[in-house]
Amino acid sequence: MKIGMMSFAHMHAHSYADCLNEIEHVELAAIFDDDRERADQIAKQYDVEAYTTYEEFFEQDLDAVIICSENNRHKEMVLEAAKHQKHILCEKPIATNIEDAQVMINYCEEQNVILQIAFPVRFSSPIMELKVRIDQGELGDIVAFRSTNRGQNPGGWFVDEHYSGGGAVLDHTVHMVDIMRWFLSDEVKDVHAYVDSFFHDVEIDDAGILTMEFNNGVIASHDASWSRYVDYPTWGDVTLEVIGTKKNVVVDAFKEHINVYPKQGPNHLTFDFVGHNMDLALIKDFIQCVEEKRQPFISGHDGLKALQVALCAYQSNDIGQSVRCHEG
Amino acid sequence: MSPIIVGDRRKITSNNEMIVDDSDFKDQNEVYYLPTERVVENLANHNVYVYHDLSLYAPFQKMKHYIKEETSLKGVFRMRRLLNHVDDPQFVIGADLFELESLFGKPEKIYLKSTQNHSIVSVRYVDGTMAHVDYTFQTKDYLSIEWSGLKYILEFDQHDMSPFDEHNYFESFQIDVDHLLNEAYPLERLTNYISRLDLAELGVNGS
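Chain order of the listed sequences is V and Z.
Using full-length UniProt numbering, you'd call the opening residue of the first sequence number 1 and step up by one each time.
Using full-length UniProt numbering, you'd call the opening residue of the second sequence number 1 and step up by one each time.
Hints were generated in silico from the structure; no laboratory data involved.
From the three backbone atoms N, C-alpha and C, an ideal C-beta is built for every residue, glycine too.
Wrong hints could be hidden among the right ones.
[Claimed, not checked] Computed beta-carbon distance windows for the label pairs: (1) Z/VAL40 with V/PRO262: 54 to 62 Å; (2) V/ILE23 with Z/ASP8: 33 to 41 Å; (3) V/SER125 with Z/GLU70: 31 to 39 Å; (4) Z/THR115 with V/GLN102: 27 to 35 Å; (5) Z/ARG10 with V/GLU129: 29 to 37 Å; (6) V/LEU269 with Z/VAL40: 44 to 52 Å; (7) V/TYR163 with Z/THR115: 35 to 43 Å; (8) Z/GLN61 with V/ILE258: 47 to 55 Å; (9) V/ARG324 with Z/VAL40: 49 to 57 Å; (10) Z/GLU70 with V/TRP235: 18 to 26 Å.
Let the sequences and hints guide you as you build the complete structure.
Next up, the structure:
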């Protein structure tokens, strides 16, 4: 199978490209990036042809594409790929506004191409095991969630609202909301949030706390931030506590690590992750989805609903009260 | 006359103060020291002082020390509480907020969601701090606290920090009785504070 990658603006593109190179019968066949300097660098790094125009890129023999552009360009690239009948894995968030997300979903349906959103946390081994345990009734009925997704400030276009559509709250809310929706098969009814910029000298938000309620009455708290320093032992975290009527379970998607204390150099602890590569599992699932021509595990609709919650959080902060997100 | 301290005898280090598991508050002349998790509505006519576990625990004291070193209170405070045997959650939540107010200043907004035995309190303080406290009222005690600030990231997790591997750290969370007596305050102060917050209106009611 031949996969093209559209833009390396998002740092996850490197991980996805490495994953493609690990999978047998899959070839990273072409790269599109209209940043000429970056295109040349990536072409050299991955030993693959890079193109700076859509025309040249889509002339190549490709089955599917992975889009890792700035958030505000997802729509443009998804529409281009769908027009050329390419199946699509699009980095999260699906878009910067609901209207764009809906246009993308509708057009991919019209063109009969797969639109999958990159939420790799669904493929985290501990998260998947927790889903199984919930479905088997081990926790009883779910009462509440408590989650975190905190990382470092990615800088660059991420802190420019024009390109990103939002800061840490957008970047680090959609993953965990997606997991909660998946676990419950339900939608967030209302959102209350405080959002601010604390940790970096940037105008865009880098901290937010969300309190949510689902249509079925389950409540949730979420901490989204770019609060981790460079010297913190790891890049950040993805944690989720599920409070059930029978038991509570806390899962930390990056808990599996070894502690590394370098004797020389910066004298600080680092956590070296040793768990399964969730990005690889995501990419394998997408490839399989294309091969089998089945519905994606994580659809454009999933991406839209997660985006909607993050946007409601900003709205809640702006008006100082909770926001109705989804009618049950 | 020495006061009557109601509480867990395993936790409170004491020389000769009277510590009892429970009290019927029969003696009007006695001074009672009551943990906030045992406070109920109808104690107004008794001479009751309240003490609050959070303000007496060493990890929280240490956290406060570091947070007070911050150049700004802009940061995210998160606390997780599992609480066993709470007679009326509003007094525990109210006492937590009272304690946090002494650290972060006046709350600007308080938002609360409750369902079954779980409550989430979300607070925005005037000086910038945002705080989330998640409570589950069930059959065991547990505490974790996190602070993400400009100078420090602070993390305390009862399980990770336990000197024993049986996860019974609260039994080693000793409370010094002199500290308890110094930190306790009249029940009326707590009830007045809770009335101002109007926690019952926000959805926190007796269990």
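Hints breached by this structure: 2, 8, 9
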